[in-house]
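S.K.: If you want the building blocks of each chain, they are given just below.
Protein chains: 2
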Amino acid sequence: MPKVITAAMLVIGDEILSGRTKDQNIGYLADIMTAIGIDLKEVRIVLDDEEDIVAALNDVRQRYTYIFTSGGIGPTHDDITADSIAKAFDVPCDYDAAAYSLLESHYTKRGLEFTDARKRMARLPRGATHIENPVSVAPGFRIGNVHVMAGVPSVFQAMLDKVLPTLETGIKMLSATVSCPLGEGIIGGPLAEIQKSHPLTIIGSYPRFGEGHFMTELVVRARSQDVLEAARKDVEAMVKSLTT
Amino acid sequence: MPKVITAAMLVIGDEILSGRTKDQNIGYLADIMTAIGIDLKEVRIVLDDEEDIVAALNDVRQRYTYIFTSGGIGPTHDDITADSIAKAFDVPCDYDAAAYSLLESHYTKRGLEFTDARKRMARLPRGATHIENPVSVAPGFRIGNVHVMAGVPSVFQAMLDKVLPTLETGIKMLSATVSCPLGEGIIGGPLAEIQKSHPLTIIGSYPRFGEGHFMTELVVRARSQDVLEAARKDVEAMVKSLTT
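Sequences listed follow chains A and B, in order.
Read in order, the letters of the first sequence correspond to residues 4 to 247 in our numbering.
Read in order, the letters of the second sequence correspond to residues 4 to 247 in our numbering.
Same shape as in the complex, but just chain A:
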């Protein structure tokens, strides 16, 4: 069996749950994970609340190969991700010497005061290693299998770029899409039979409402090209037989 690498994501922030900010990081991470052969199994969006973050993190981090978080690592009082992650790992959250001097030198060079708020961004769970932030300097961090990144999409994406080369990846899940002009009500029965006879594939059916009726995108997924092609052929034949 090919090795399967799994992941979960924790999105941290009141602003996502209030609707004020529309998340852009979940779909981005999902696309990247699929592209590199890591199975994203679960996403949770939680409030800026220490108890909620600790409970969610400790629930998922044992179950998946990698955890990715977004949000809550800025300089303000509602940025409590570093403290919460430290609590989940039961380690202190200290000023990290390297992060401190990185930030200090960044602000000094620009003639800006290294305020107490900015100093907060140098606090990391003890034992964490930096995730470089090429956009705005303040680092994300990795502790255990948990990768803690910013919520601002441009920074999240830049940090994820730094993380990707460090990840063990699995056998990429291949996929083939068959467009079907019929709704799920017509193809549902035969499609279930095809799924049964191709147990190594995952066949999904995604309805769209367009031109006054439902249409369907049928997506076959498998980790081997041969397995994929065999199922795709059956799906195409089924659609053809129902439309001609």
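Check the hints yourself; a few may be wrong.
Claimed, not checked - Dumping the calculated DSSO-like pairs for lysine-lysine here, alpha-carbon to alpha-carbon at most 27 Å:
id	chain 1	residue 1	chain 2	residue 2
1	A	Lys122	B	Lys243
2	A	Lys175	A	Lys165
3	A	Lys175	A	Lys199
4	B	Lys25	B	Lys165
5	A	Lys165	B	Lys25
6	B	Lys175	A	Lys25
7	A	Lys199	A	Lys243
8	A	Lys90	A	Lys165
9	B	Lys6	B	Lys175
10	A	Lys122	B	Lys199
11	B	Lys90	A	Lys90
12	B	Lys236	B	Lys175
13	B	Lys236	A	Lys199
14	B	Lys122	A	Lys25
15	A	Lys122	A	Lys112
16	A	Lys112	B	Lys243
17	A	Lys175	B	Lys25
18	A	Lys243	B	Lys122
19	B	Lys112	B	Lys122
Please keep in mind that the hints were generated in silico from the structure rather than gathered at the bench.
Given chain A, put chain B in place with the hints provided.
M.R.: Chain B only, in chain A's frame:
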């Protein structure tokens, strides 16, 4: 104390976690909940996997006033939400007589076959009541505090419209936004002091990167206009003192 009504959302579907489909329902629900005074506390995105759905649902449904789900109630083999919800509630998933005849009459009138796949959409957990579907007939359902709706955004939204009048709503959370041309590193310290002196508010700080530097939107939230205004005044004064 004003009554607080809470909610969680469960997004069900492989296609969201693979990145193939970008969710549009989380942000929509979040906006509506905020508008009607229900606190959305948590969102989970899970696979089309019975064990995952049951575990997530049973974990959240005891903790919040209302649960809303999206996805997995169509006619194909990967639509396993009704069965999974039934399992979570430990009740059978049966053909519902009213849903069956609704669907049968819908397809008969249009001269379409009432296929086995379409019949699947008449299967509901025993004891569930319908959520009307004005877009494509097949109903969603409510069981206990759980509202089960479609994943297709137009259908999700139409179903939610039917659900809203049935919900008990809380005291609406009011909010005021103060735009700040300074980054969080500068305002973080004074903002934390303001949060401390206005404990009945929730003050959030949301950085945006624009025009070559970070700017911040400061959002004050409270359930009373007086409490809100007092904190807003302090935030505005703080921004003014730092920018002039």
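S.K.: Run every hint past the structure and note whether it holds.
M.R.: Status of the hints after comparison with the structure:
Between the alpha carbons of A/Lys122 and B/Lys243 the distance comes to roughly 23 Å, so the proposed pair stays at or under 27 Å and holds. Restraint check: the Cα-Cα separation between A/Lys175 and A/Lys165 comes to about 20 Å, which is no more than 27 Å; the hinted pair holds. Note on A/Lys175 and A/Lys199: the hinted pairing holds, with a Cα-Cα distance of about 22 Å set against a maximum of 27 Å. Restraint check for B/Lys25 and B/Lys165: satisfied, since their Cα atoms lie roughly 24 Å apart, inside the 27 Å limit.
Restraint check for A/Lys165 and B/Lys25: satisfied, since their Cα atoms lie roughly 24 Å apart, inside the 27 Å limit. For a cut-off of 27 Å, the pair hint linking B/Lys175 to A/Lys25 stands: about 20 Å separates their Cα positions. Taken as a hint, the A/Lys199 and A/Lys243 pair is honoured in the structure, with Cα atoms around 19 Å apart against an allowance of 27 Å. Taking the CA atoms of A/Lys90 and A/Lys165, the gap is about 25 Å. The hint holds against a cut of 27 Å.
Among the hinted pairs, B/Lys6 with B/Lys175 is consistent with the structure: their alpha-carbon atoms are about 10 Å apart, no more than 27 Å. For a cut-off of 27 Å, the pair hint linking A/Lys122 to B/Lys199 stands: about 19 Å separates their Cα positions. Note on B/Lys90 and A/Lys90: the hinted pairing is violated, with a Cα-Cα distance of about 35 Å set against a maximum of 27 Å. Using a Cα cut-off of 27 Å, the hinted pair B/Lys236 and B/Lys175 holds, with the two alpha carbons roughly 21 Å apart.
Annotation: proposed proximity of B/Lys236 to A/Lys199 is violated, straight-line Cα distance about 64 Å (limit 27 Å). As the CA atoms of B/Lys122 and A/Lys25 are separated by approximately 36 Å, the hinted pair breaks the 27 Å bound. Proposed proximity of A/Lys122 and A/Lys112 is supported: the alpha carbons are some 16 Å apart, at most 27 Å. Between A/Lys112 and B/Lys243 the alpha-carbon distance is near 26 Å, which keeps this suggested pair within the 27 Å criterion.
Proximity of A/Lys175 to B/Lys25 is assessed by CA-CA distance (about 20 Å); at most 27 Å being required, the pair is judged to hold. At most 27 Å may separate the alpha-carbon atoms for a hinted pair to count; A/Lys243 and B/Lys122 meet this at roughly 23 Å. With a C-alpha separation of about 15 Å, the suggested pairing of B/Lys112 with B/Lys122 holds against the 27 Å cut-off.
Checked against the numbered hints given earlier, this structure breaks hints 11, 13, 14; the rest are met.
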